[in-house]
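Chain residues, written in single-letter form:
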Amino acid sequence: MTVMPTAVATEPTSRKSSGSRRTRWWGVLALTITALAFLIPLYLFVSTAFKTNADINSWPLRLIPRSLTLENFVNAWTLAPFGQFLVNSVVVAAIGTVLKVVLAISTAYAFAFLPFPGKRYLFIFMLGALMVPGHVTLLVNYITVGQLNLLNTYAGLILPGVASAFGTFLLHQFFRSLPYEVLEAAQLDGAGHLRRIISIIVPMARPAIITVGLIALIDEWNGFVWPLIVTNSVNMRTLPIGLLYLKENDGINDWGALMAGTLFVVLPVVIVFLLAQRYIVAGLAGSAVRR
Amino acid sequence: MFSYWPIVENVYLSFTTWDFISSQADWVGLLNYQALFSSWSFPQVLLRTLVWVVVVVVVTLVLGLALALLFAQRIRGATAVQTLAFAPHVLSGAAIATIWLFIFDPNHGLSRLVFEAFGASSPAWTTDDSWALWALIIVSIWKGLGFVAIVYLVGIQQIPAEVLEAARIDGAGRWTQFRRMIFPLLSPTTFFLVITQTISAFQAFDVIAMMTNGGPARSTTTLSWFIYDEAFNRTNVGGSSAASMIMFVVLMAITVLQFRFVERRVHY
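Chains as they are written, first to last, in this note's numbering: chain A, 303 to 593; chain B, 437 to 704.
Just so you know, not all the hints are guaranteed correct.
[What the hints assert, rightly or not] Quick list of the computed label-pair ranges, beta carbon to beta carbon: (1) A/R368 - B/W611: 45 to 53 Å; (2) B/V498 - A/A457: 52 to 60 Å; (3) A/I573 - B/P542: 16 to 24 Å; (4) B/N543 - A/N537: 47 to 55 Å; (5) A/R368 - B/E598: 53 to 61 Å; (6) A/L569 - B/S459: 23 to 31 Å; (7) A/F427 - B/E598: 39 to 47 Å; (8) B/F456 - A/N537: 17 to 25 Å; (9) A/I366 - B/A560: 23 to 31 Å; (10) B/R616 - A/L569: 43 to 51 Å.
[Stated by the list, open to error] A few chain A residues facing chain B, derived, Cβ under 8 Å: (11) G329; (12) L333; (13) F347; (14) L381; (15) I397; (16) M433; (17) G436; (18) T439; (19) V442; (20) V527; (21) I531; (22) K549; (23) F575; (24) L586; (25) A587.
[As the list claims (entries may be wrong)] SDA-like mimics (lysine to any residue), calculated; alpha carbons at most 25 Å apart, straight line: (26) A/K421 - B/A689; (27) A/K421 - A/V504; (28) A/K421 - A/P435; (29) A/K421 - A/M433; (30) A/K421 - B/L600; (31) A/K421 - B/Y440; (32) A/K421 - B/D462; (33) A/K421 - B/S655; (34) A/K421 - B/I443; (35) A/K421 - A/F476; (36) A/K421 - A/L485; (37) A/K421 - A/L401; (38) A/K421 - B/M683; (39) A/K421 - A/L496; (40) A/K421 - A/R368.
Everything labelled a hint here was simulated from the structure, so no lab data went into it. All C-beta atoms in this analysis are idealised placements derived from N, C-alpha and C, irrespective of residue type, glycine included.
Whenever a hint applies, use it, and build me the whole structure from the sequences.
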């Protein structure tokens with residue numbers, strides 16, 4: 303069974319007492335409808351990826367395929383260089399995530415533990431800067447990256463996104479809850495800032511750091527508009543842009559290949575999500591409420 | 437902090453005319469802004485953006501709250517459905533858009549099945565300018581609903597059981613409990629969700645890029661697509677940055693509103 307601690311833990315038992323039989327009846331119905339509203343599109347998507355063209359193009363709609371095939375994956379692969387897209391996505395997501403997490407840890411550490419004048423205002427100032435909506439700075443960032451001759455490079459893809467307001471804020475909140483005495487003791491023992499971060503803060507804040515890292519990973523993987531404008535050669539495209547390329551290359555005439563390509567884009571995130579749901583949901587939804 | 441610098445540069449660009457290629461941008465004062473508002477097409481873009489944002493945010497929040505109340509009933513299987521509904525939120529918008537492109541296909545998609553069940557033929561959702569915007573709105577709602585529901589659910593579970601218990605003892609029915617207790621106690625959550633969902637609805641882009649490219653007949657050109665299209669398809673840097681400034685001012689006003697609110701609840 304799936305675990306979702308924030309959602310399950312504290313439900314008061316008293317709420318399901320009187321009149322529960324009737325509630326249950328429409329509740330189950332509503333829950334079933336909800337499940338279907340999400341399951342049907344996802345089922346059609348996954349099954350189409352494995353259907354033969356004859357099945358896809360036949361009407362009435364074949365909910366259960368007559369035979370399964372991997373042909374669509376082969377087609378998608380020949381229509382667009384998905385291998386290269388995958389490499390690009392992995393590089394961008396991996397390096398982007400590491401940089402984001404390291405930067406968020408050090409910024410949050412500075413704001414949580416180092417005394418400096420005007421800290422409170424600087425913190426708000428920094429969060430404000432990081433909250434400047436990405437879409438507004440798109441054009442200027444593009445021009446800047448162009449002037450630095452970084453268009454069509456991994457550096458150009460990764461660098462503009464490494465500062466994360468969300469990560470910094472979440473880690474800052476978490477760091478503040480750590481016992482300060484431990485840090486003081488380490489300082490007395492002669493540990494420098496780096497030492498203190500690596501051997502004390504990081505192990506103690508592990509869950510928060512994992513959350514920030516996973517969310518950064520998902521964001522980097524799904525990133526769309528920035529990779530779209532900053533790369534223009536097919537070989538530098540990431541997977542989501544590769545999907546756009548596949549669609550425009552072949553139009554919407556080959557649903558099988560398009561769904562196979564889509565499956566390729568979402569599968570890694572689905573796996574990460576199912577394995578680490580606990581951290582992801584708690585991080586995204588929990589921090590929303592705490593704020 | 438040089439994070440603010442792009443904004444300053446964007447202000448400057450919005451007063452110039454440039455095509456990415458010429459050696460320098462020429463100062464034209466307010467001409468870009470005048471150009472935006474001198475024709476009907478840009479005010480229409482703003483109106484369309486407003487429709488998009490309001491419909492997406494309101495419907496997502498209302499349905500999300502309803503789902504959260506449903507999940508809170510602890511019916512068997514609810515956790516699995518929660519996971520299922522939340523999943524689209526973490527999946528690539530481009531992928532979700534592609535899936536729905538297939539569903540909306542009037543010849544091979546689910547849409548045909550549904551409409552034929554009612555004896556009608558499916559509209560050509562994404563290529564018909566009276567349906568396209570609604571197609572994209574449906575996809576956006578579907579993608580964001582699970583997240584909103586879970587955030588509301590966490591909020592509902594933070595309401596102390598005793599409070600509702602007391603209300604019930606005083607004879608409050610379910611609807612009264614919701615209207616007088618649950619909904620008011622959830623107001624911080626609602627406020628947070630309105631702000632964040634509005635900001636993200638304003639910037640919705642991948643769904644548009646994947647499904648319609650702002651068309652047909654510009655019927656799905658929202659402000660975010662306009663900013664991209666003006667700069668990267670029409671090389672009108674000045675016009676794009678002027679539109680960016682308009683988005684910036686609107687979103688900043690919303691963010692400041694949020695900060696004012698956060699100030700009162702969070703202690704740094």
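Here's how the hints hold up against the structure:
In this structure the hint that A/R368 and B/W611 lie 45 to 53 Å apart at CB holds, the actual value being about 50 Å. B/V498 and A/A457 have their C-beta atoms about 44 Å apart, which leaves the hinted 52 to 60 Å range violated. The given range of 16 to 24 Å is broken by A/I573 and B/P542, whose C-beta atoms sit roughly 34 Å from each other. Between B/N543 and A/N537 the beta carbons are some 34 Å apart, a value that contradicts the proposed interval 47 to 55 Å.
Hint check: A/R368 to B/E598, Cβ distance near 58 Å, so the stated range 53 to 61 Å holds. In this structure the supplied range 23 to 31 Å is violated for A/L569 paired with B/S459, their Cβ-Cβ distance being about 47 Å. Here the CB-CB span from A/F427 to B/E598 is close to 42 Å, well matched to the stated 39 to 47 Å. Separated by about 22 Å at the C-beta atoms, B/F456 and A/N537 satisfy the suggested range of 17 to 25 Å.
Distance hint for A/I366 and B/A560: a CB-CB separation of about 27 Å, consistent with the stated range 23 to 31 Å. Restraint check, B/R616 to A/L569: a C-beta distance of roughly 46 Å satisfies the suggested window 43 to 51 Å. This hint holds: A/G329 has a C-beta 5 Å from the nearest C-beta of chain B, less than the 8 Å allowed. For A/L333, the interface hint holds, the least distance from its beta-carbon to any beta-carbon of chain B being 6 Å, beneath 8 Å.
The interface hint given for A/F347 holds, since its Cβ lies 4 Å from the closest Cβ of chain B, which is under the 8 Å cut-off. Hint status for A/L381: violated, given a least beta-carbon distance of 14 Å to chain B, over 8 Å. At a threshold of 8 Å, the smallest CB-CB gap from A/I397 to chain B is about 19 Å, leaving the interface hint violated. About 6 Å separates the beta-carbon of A/M433 from the nearest beta-carbon of chain B, less than 8 Å, and the hint is met.
The interface hint given for A/G436 holds, since its Cβ lies 7 Å from the closest Cβ of chain B, which is under the 8 Å cut-off. The closest approach between the C-beta of A/T439 and any C-beta of chain B is roughly 4 Å, which is under the 8 Å cut-off, so the hint is satisfied. Contact between A/V442 and chain B, as hinted, is supported at the beta carbon level, the nearest pair being about 4 Å apart and thus within 8 Å. For the restraint placing A/V527 at the interface with chain B, the shortest Cβ-Cβ distance is roughly 5 Å, inside the 8 Å limit, so the hint holds.
Taken as an interface hint, A/I531 checks out: its beta carbon lies about 6 Å from the nearest beta carbon of chain B, inside 8 Å. Look at A/K549: its Cβ gets to within about 7 Å of chain B, closer than 8 Å, so that hint holds up. For A/F575, the interface hint holds, the least distance from its beta-carbon to any beta-carbon of chain B being 5 Å, beneath 8 Å. With a least beta-carbon distance of about 7 Å to chain B, the hint placing A/L586 at the interface is held under the 8 Å criterion.
The beta carbon of A/A587 comes within 4 Å of a beta carbon in chain B, closer than 8 Å, and the hint placing it at the interface holds. The straight-line distance between the Cα atoms of A/K421 and B/A689 is roughly 24 Å, inside the 25 Å bound, and the hint therefore holds. Only pairs whose Cα atoms come within 25 Å are accepted, and A/K421 paired with A/V504 is accepted, the gap being roughly 22 Å. Of the pairs offered as hints, the one joining A/K421 and A/P435 holds, with about 23 Å between alpha carbons and a cut-off of 25 Å not exceeded.
Between A/K421 and A/M433 the CA atoms are separated by roughly 18 Å; this keeps the pair inside 25 Å, and the hint holds. At roughly 42 Å between alpha-carbon atoms, A/K421 and B/L600 are farther apart than 25 Å, so this suggested pair is violated. Proximity of A/K421 to B/Y440 is assessed by CA-CA distance (about 18 Å); at most 25 Å being required, the pair is judged to hold. Straight-line distance between C-alpha atoms of A/K421 and B/D462 comes to about 40 Å, which puts the hinted pair past the 25 Å bound.
Of the pairs offered as hints, the one joining A/K421 and B/S655 is violated, with about 47 Å between alpha carbons and a cut-off of 25 Å exceeded. Distance restraint check for A/K421 and B/I443: the Cα-Cα separation of roughly 23 Å lies within the 25 Å cut-off, and the hinted pair is therefore satisfied. A C-alpha spacing of about 17 Å is found between A/K421 and A/F476, which places the hinted pair at or below 25 Å, so the restraint holds. Only pairs whose Cα atoms come within 25 Å are accepted, and A/K421 paired with A/L485 is accepted, the gap being roughly 20 Å.
The straight-line distance between the Cα atoms of A/K421 and A/L401 is roughly 24 Å, inside the 25 Å bound, and the hint therefore holds. Our distance criterion of 25 Å between C-alpha atoms is broken by A/K421 and B/M683, whose separation comes to about 30 Å. For the hint pairing A/K421 with A/L496, the CA-to-CA distance comes to about 20 Å; that is within 25 Å, so the pair holds. Taking the CA atoms of A/K421 and A/R368, the gap is about 65 Å. The hint is violated against a cut of 25 Å.
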